[in-house]
Amino acid sequence: MSVSAEEQAFEPLIIVFGCNWCSYAGGDLAGTSRMSYPPNVRVIRVPCSSRVSPNFVLRAFQRGADGVLVAGCHPGDCHYVTGNYYARRRLSALRRFLEFIGIEPERFEVHWISGSEGAKFAKVMGEVTEKIRALGPNRKMRDVR
Amino acid sequence: MKQLNEVIKEVAAQSLSRGEVDLVIGWKKGDLWWQSYPAFVEGDEGVADLIWDPFCVPNLSRYLLEELDDKSKVAIFVKGCDALGFNQLLQDKRVEREKVYLYGIPCDGLVDPRKLEAAGHKWLSEVRRDGDELVLVSKEGEQRVKARDFMYDKCLTCRYPNPVTYDQMLGEAVEAQPQERFAGVEELEKISDDERFEYWARQFSRCIRCFACRNVCPACSCRECIFDIPEPRWLGKAKELSEDQFYHIIRAYHVAGRCVDCGECTRVCPVDLPLQELNRKFIKDINELYGEYDAGVDPETEAPLVTYNTNDPAAFTES
Ligand code: SF4
Ligand code: SF4
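For the record, the sequence lines run as chains A and B. When the letters of the first sequence are read in order and numbered with the working numbering, they come out as residues 1 to 145. When the letters of the second sequence are read in order and numbered with the working numbering, they come out as residues 1001 to 1319.
Simulated from the structure, these hints should not be mistaken for laboratory data. C-beta atoms are modelled at their ideal positions from N, C-alpha and C, and glycine is treated no differently. Hints may contain errors.
What the hints assert, rightly or not - Away from chain A, derived, C-beta distances all over 12 Å, residues of chain B:
{"id": "1", "residue": "1004"}
{"id": "2", "residue": "1033"}
{"id": "3", "residue": "1044"}
{"id": "4", "residue": "1046"}
{"id": "5", "residue": "1049"}
{"id": "6", "residue": "1065"}
{"id": "7", "residue": "1119"}
{"id": "8", "residue": "1143"}
{"id": "9", "residue": "1172"}
{"id": "10", "residue": "1176"}
{"id": "11", "residue": "1294"}
Unchecked claim - Simulated pairs of lysine to any residue, SDA-like, Cα-Cα distance not exceeding 20 Å:
{"id": "12", "chain 1": "B", "residue 1": "1239", "chain 2": "A", "residue 2": "106"}
{"id": "13", "chain 1": "B", "residue 1": "1239", "chain 2": "A", "residue 2": "139"}
{"id": "14", "chain 1": "B", "residue 1": "1237", "chain 2": "A", "residue 2": "142"}
{"id": "15", "chain 1": "B", "residue 1": "1284", "chain 2": "B", "residue 2": "1303"}
{"id": "16", "chain 1": "B", "residue 1": "1239", "chain 2": "A", "residue 2": "142"}
{"id": "17", "chain 1": "A", "residue 1": "123", "chain 2": "B", "residue 2": "1168"}
{"id": "18", "chain 1": "B", "residue 1": "1190", "chain 2": "A", "residue 2": "106"}
{"id": "19", "chain 1": "B", "residue 1": "1239", "chain 2": "A", "residue 2": "55"}
{"id": "20", "chain 1": "A", "residue 1": "131", "chain 2": "B", "residue 2": "1315"}
{"id": "21", "chain 1": "A", "residue 1": "131", "chain 2": "B", "residue 2": "1318"}
Said to hold, decoys possible - Partial list, derived from the structure: chain A residues whose beta carbon lies under 7 Å from chain B:
{"id": "22", "residue": "58"}
{"id": "23", "residue": "90"}
{"id": "24", "residue": "92"}
{"id": "25", "residue": "96"}
{"id": "26", "residue": "137"}
{"id": "27", "residue": "141"}
Put together the whole structure using the sequences plus the hints.
Right, dumping it as structure tokens:
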């Protein structure tokens, strides 16, 4: 099978919804510690992982994301005490449902990354980017207009 | 024992004449033999129109949302699935229990006119239930068929034929004979992501976005719906697959954990989308991950997606 020019040049776009109190700070720490992570990642800061409505996730896919990641505080460490417990249930249900609609489940991930885990932030971003690169572009939920 | 068809007229007449309620919502016959429509009866005149027959499928509880705005008490008839829907409205704090009087109707399954039509039973004048059989009345005379062969799919999987809540029960309790309800979901789970994508893309592309599935749903009772608000405009008007996906994923997600599996959405869809498989996927996953839960059975419980346990499992790798 020949590889098209588009696929050869494929650079995945990863949208990360990062919780202000943990994961976004973890990303900051990665930066100030001079750890690099792939430029494919675009971080959108949200107050809490439970702020991430499925609307945001779907909109990201519609507008060109190849993968979406929600990053929040570890369970038990939520700045608002319980937000990520709700997020765990809701995003689990959403992830399974996206798979049911035919979206590869790897395209939607959730990770717990604390403010002190700069190295983990960089590592997760690298791993997710490579996984999505291997999967190829998302054509299943893209607004083609 | 008196026929249910007579009993409902009696109780309606009684509560209206005694001034116990301002309105009775029941069913009346439509223009054709297979149509039974919602009826809104405020005085003696309409009482005679009230019926109970094998086509009384519309869930009446959702009408309470509008009717209770300007009435102090309303009586409605509820079948098993309607009672679940009513409880969901209660749990969502959209109706007040004291303002409603519920007449419970044990329901042994309703008839899908399209199944009759598919079997060639088209020109009928009446269909009666008699035990396990249906009596099909036409110009040629009467014919008896097995009722279960012509019931709505949703009635074949019904687990709560007897209303779980009521003020007064009319009729004898019936026995539930539910078929396995997750068979369709399991079939779809077996095929590959790409095949599932193709399947749903084909289904979603037939949707005309009439919103009937939303409008009929007892779990879809928000005063302001995300699909209607202009700012931010979450759902565009274009007929485009990603917009259809957005509508269907978000509709099903909004009722996840609150869908009572009444099957009304699937019944009203003019293009026959298998919406119940979407709702049931959520029900099945939530049951597996967070414990068995039957929405609408007990309005005092919390829906599974508005609560949590600290040791909940996740459907993603936690690290
Ligand atoms: S989503 Fe469908 S099956 Fe579920 S409560 Fe609403 S109308 Fe009934
Ligand atoms: S009732 Fe059917 S056609 Fe109408 S919006 Fe729902 S799925 Fe689409």
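Here is what the structure says about each hint:
{"no.": "1", "hint": "1004", "result": "holds, 40 Å"}
{"no.": "2", "hint": "1033", "result": "holds, 39 Å"}
{"no.": "3", "hint": "1044", "result": "holds, 50 Å"}
{"no.": "4", "hint": "1046", "result": "holds, 44 Å"}
{"no.": "5", "hint": "1049", "result": "holds, 43 Å"}
{"no.": "6", "hint": "1065", "result": "holds, 24 Å"}
{"no.": "7", "hint": "1119", "result": "holds, 33 Å"}
{"no.": "8", "hint": "1143", "result": "holds, 42 Å"}
{"no.": "9", "hint": "1172", "result": "holds, 39 Å"}
{"no.": "10", "hint": "1176", "result": "holds, 27 Å"}
{"no.": "11", "hint": "1294", "result": "holds, 17 Å"}
{"no.": "12", "hint": "B/1239 <-> A/106", "result": "violated, 28 Å"}
{"no.": "13", "hint": "B/1239 <-> A/139", "result": "holds, 17 Å"}
{"no.": "14", "hint": "B/1237 <-> A/142", "result": "holds, 16 Å"}
{"no.": "15", "hint": "B/1284 <-> B/1303", "result": "holds, 14 Å"}
{"no.": "16", "hint": "B/1239 <-> A/142", "result": "holds, 13 Å"}
{"no.": "17", "hint": "A/123 <-> B/1168", "result": "violated, 63 Å"}
{"no.": "18", "hint": "B/1190 <-> A/106", "result": "holds, 18 Å"}
{"no.": "19", "hint": "B/1239 <-> A/55", "result": "holds, 18 Å"}
{"no.": "20", "hint": "A/131 <-> B/1315", "result": "holds, 18 Å"}
{"no.": "21", "hint": "A/131 <-> B/1318", "result": "holds, 17 Å"}
{"no.": "22", "hint": "58", "result": "holds, 5 Å"}
{"no.": "23", "hint": "90", "result": "holds, 6 Å"}
{"no.": "24", "hint": "92", "result": "holds, 4 Å"}
{"no.": "25", "hint": "96", "result": "holds, 5 Å"}
{"no.": "26", "hint": "137", "result": "violated, 14 Å"}
{"no.": "27", "hint": "141", "result": "holds, 5 Å"}
Taken one by one, the earlier hints fail for this structure at numbers 12, 17 and 26, listed in ascending order.
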